[in-house]
Structure formats: structure tokens, C-alpha cells
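Could you put the whole structure together from the sequences, leaning on the hints where they help?
Each chain is listed here by its residues.
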Amino acid sequence: MYKPDKERARLLWITLQDVWASLYGSKFPTAAAINGHAPAGGCLLATSCEYRVMLPKFSIGLNEPMLGIVQPIFCMFNFVNVLPRRLAERSLNQGKIFNTEEALQIGLVDDVANSKEEALTKCAEFIGSFDKINPSARSQSKLQFRAADLQQFEKERGKDLETFVSFINSPKMQEELGVYLENLGKKAAK
Amino acid sequence: MYKPDKERARLLWITLQDVWASLYGSKFPTAAAINGHAPAGGCLLATSCEYRVMLPKFSIGLNEPMLGIVQPIFCMFNFVNVLPRRLAERSLNQGKIFNTEEALQIGLVDDVANSKEEALTKCAEFIGSFDKINPSARSQSKLQFRAADLQQFEKERGKDLETFVSFINSPKMQEELGVYLENLGKKAAK
Amino acid sequence: MYKPDKERARLLWITLQDVWASLYGSKFPTAAAINGHAPAGGCLLATSCEYRVMLPKFSIGLNEPMLGIVQPIFCMFNFVNVLPRRLAERSLNQGKIFNTEEALQIGLVDDVANSKEEALTKCAEFIGSFDKINPSARSQSKLQFRAADLQQFEKERGKDLETFVSFINSPKMQEELGVYLENLGKKAAK
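Residue numbers (the working numbering), protein chains in the order written: chain A, 1 to 190; chain B, 1001 to 1190; chain C, 2001 to 2190.
Honestly, the hints are just simulated from the structure, not real lab data.
Keep in mind that the hints are not guaranteed to be accurate.
Unchecked claim - BS3-like, lysine-lysine: derived pairs with alpha carbons at most 27 angstroms apart:
1) K1159(B) x K155(A)
2) K186(A) x K3(A)
3) K2122(C) x K2027(C)
4) K2155(C) x K2006(C)
5) K2132(C) x K186(A)
6) K132(A) x K1172(B)
7) K27(A) x K1159(B)
8) K187(A) x K96(A)
9) K1132(B) x K2172(C)
10) K1096(B) x K132(A)
11) K2057(C) x K1132(B)
12) K172(A) x K186(A)
13) K2159(C) x K1027(B)
14) K132(A) x K27(A)
15) K2122(C) x K2132(C)
16) K2186(C) x K2003(C)
17) K2172(C) x K2006(C)
18) K1096(B) x K1172(B)
19) K159(A) x K2155(C)
20) K1155(B) x K27(A)
21) K3(A) x K187(A)
22) K1187(B) x K132(A)
23) K2096(C) x K2116(C)
24) K96(A) x K2132(C)
25) K1096(B) x K1116(B)
26) K57(A) x K2132(C)
27) K2122(C) x K2057(C)
28) K132(A) x K1186(B)
29) K187(A) x K2132(C)
30) K2003(C) x K1132(B)
Said to hold, decoys possible - Derived CB-CB ranges, DEER-like:
31) K159(A) x L1184(B): 48 to 54 angstroms
32) R8(A) x N1169(B): 49 to 55 angstroms
33) E2125(C) x S26(A): 39 to 45 angstroms
Don't be surprised by glycine CBs; every beta carbon is placed ideally from N, CA and C.
Here's what the structure looks like:
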């Protein structure tokens, strides 16, 4: 996002939109094993799923406003679907990052596992909870639940893209991103 | 629903739709005393009400997907109105059945009573909590809260009916229902 | 509201509507320090904010139905945004008043403070939690979250005004308000 090729930045965002729509609207059961830090995109993918299990001592959240990026509308859909509304709005506005314990306590993740293997086992168990459920009835139930969000997204995805493109092309934002990256570099060098 | 007369099956579903719309949209205070197992229709009626009290050692849930039936849209409205969204979607997708304790813990029922009499007393107390409330202001408050659901239902009830009718007339579904009923019979014979 | 000048009553309601829309839709971070009883209007202002801290031994709630007043649609938006839906609807229908402890427990307020100074400090801390957040990204995130409510309000504010005006001009309601005020006077005289 820093000094990007304009067409590539546009394509990045369209791809992100497509990934979200495919994952959030997938007719298959979906589960996320989170075995690393999951800010922004990582949190978005995880909260698009129906179930989340996370390893200790990692962090998760939608921190876009920290970087000056407006929370895309699909971030809002994910958080409203997972958290109580009061927490959803506040976390989005604050760009808040939670550690594993906090995430479990507020329901941002459903369970904690002590290893990647245990996390994958728990995900498989969640997927397995649908073994005796008719797959067509299951997927229609899920898509009915998410239909309003997916419809609103389709209506607003053009506007969402232009918001991102105009952000990415703003000199002020590029300057702020530069400072942010420089600080990251200094941190890494310590 | 097994090998039904087609017109009768259609009438059954229209009647169910009407019952839901009347109960969910009733201007009167509504409370459910649950003194038996409440899968599917029983749970639907109970969650259409404003308050639920349940006797121990019974079960409740919307298990339609178990039988291959798509969760009707009004099932979704009821669960979103009663449960946190995360639990609402997952329970609908899983066709999950809860016992009394679990139902109380997640808020699917508001209280537990040890006898039918005690359950009815608690329901009467809930209804009595409106004694000093202006009935017209009360019912307008309730209907305002449920208006969006009722409007969406009216828009989609035709589609919902066709989904059910096409399900009920599918040879595959009839076969699965046959197996399900046969197994129920074997269980009962034991 | 008792025996009002008709134009003044209409203006009162329009002003209340404007205040709500400005506060609920403010692009700035908002926090409420509640250091007194907060029924009806007080609760409306507090729940329009993003954060609430309350002093002990006070009461809060939207008790409009107690006086025969229909809960305005913006009261519903505020409660749905702050409370679980099941509690939101029930509290609105009952016109329920909570004490400080109850309000904290259900999430109607976020914290309790023992003095006005402490409450203001906590509010300042909440506002301060946005210090490192880009203000434009923050306000767009908030307004995106509240957009649907604000749009529905604009569509229905005319109807909401007429509901209030017709209520205020009804002889029955004026009589009930008279009895209510007389009882308040007797209580005060004791």
C-alpha cells in the first residue's frame, strides 16, 4: 500500500473483496485455526468463518483505523456477526487489537488450543458437527443468515473500492504510511 | 410430511406461517411455559413469545436441517431476536437441540420451573409486569421492534412456501424421511 | 407535555429528534457521565453516546410506555445498539427502569464511578483511547455502523412526529398525565 502501482492497488482491493465474499458466503462449513498474529486481513479471514480457535499469546483485531484506513463495510458485517453490537462498534472505531485471552472472553474466538495440531483437531470437530445434517439444508440456512450482508456488500462494493483507491492515492496518507513503516523498521532494527 | 396429500401439505405450511405471524406479531404480551420436549414447531412457538420458562430434563431447538428441511426465514427471525447472533446462526445451521440447562445458560429460555404450575405462575408474573404500562404504547413498542421481520416475512412467504412444497415433493427427501421414520419406529419398539 | 401549547409541543419533539440525530450521528467520540437519575430523555442522551459511566444509587431507563408514550424509533435504535436484543425489546416494552448496579450488569452502562470527577476522568480516558486513531477513519467507521439507523430515522421522522402530536392532543392521554402529575405532587408533599 506504500507508493503502490495504482492498477495493482486497485486489483489488490478487488481481490480482497472477492475473497471476503467467497469465504463469508461459502456454502461449506468454515473454521479458522489461528496460529499466529491476526491483525487486519488475518482477523477478517478468521471472522468470515463460522468458528475460530486460537493459540495463546497471539493478537487479533481489525486495526485499519490505526493506519488511517476506513473499516470496509465487510469488516463491520463480520464483527456484528460475531460480537455483541456494543463491542463490535467500539472495537471497529478503536481499531482495537485483542490478545488470545481477551478474544476468547468477548467471543471473538470460540476456543483456545495449545498447538497447531490441537487447533486443527478442534476445527475438524466443528466441521464434523454437521456430519448428520443435510448439506443442502445446512448451506441454505447459512446463506439465508448472511444474505442481507452479502446483498448490501454487492450494492456498495464499488463505493468501497473508490474509498480505498482515493485513500491510497492521498499524499497525506502516503506520508503517514511512510512514517509508520520507518518506525516499524527502527523497531525491527533494535 | 411423509407421503403427504399435496394440497394438505401446502395448507399445513400456510397455516404454520399464519400461526407464526400472528404469534410473533401479536399486540398482546406473550409467554411460553414449556413442559415437554420442544423441537422444531414447539421451539418456534416458544421463541415467538416474549418470555420462556421451561421444565427440567426436556429438550428444545430448531432441528429442521436434521430432516433436510431448510430453516424457514421466521425461524431465523426468532433466533436472532432471542440469542446472540453467533449462537443464533450456528444453532440454526447445526439444527442443534439444547437441554433445559443449556437453553437457560445461552438465554434460549429465561427461567426454569420445577412444575407446570410453577411455570404458569412465572408466565403470569411476566405478563403482570405490564400491568402498569399503557397497553397501546406497549403494543406499538413491541410491533415497532418486530416490524422489519414481519415485513420481510410478508415479502418472502411465497418463496418460503414454494421451498417447502418443492422439498416435500422431492423423491430423495421422501426416501430420507422414510428411513428416519423407520428408525424412530425401531427405537420405539425397543 | 401536560396541556401544552400545540406549536410548542411540536417544536419540542422536532428539537428532541434533532438532538438525537446530531448526538447519535456525531462524527466525534461521545461519552456520557451520568451523575443523576436518567429516565426517558436522560437515558436517550446517554445511550446515544459510545460509552457510559454512572454514579451509584441512580436510575436509568426508557420508561415512555409508563406515561402512555410510544417508544420513538430512535429509542429502539439506541437500545438495540447497546443491549442484547432480547433485553432491548423487553426493556422497551416494559418501560423498565434499572438502578446503577443492574445497568452495569446488563451493559446499559459500561462502568461505575464514585464521584462526578471520577466519572469525567473515565469519560476522558475513553475519548483518549482514540488519540492514536486517524480521526477521519474513526468517524467514517462510526457513521458506517450507524448509517442504517440514521437513514431509517430520516424516513420515519415525520411519522414519529405525528404519533407524538396525536398522543399529546388526545383527551384521554391528557387526563392520564394529569393523574400522574397529581400523584407526583402528593408524593412530593409527603
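query = Against which earlier hints does the structure fall short, listed by number upward?
reply = Going through the list in order, the structure violates no hint and respects every one.
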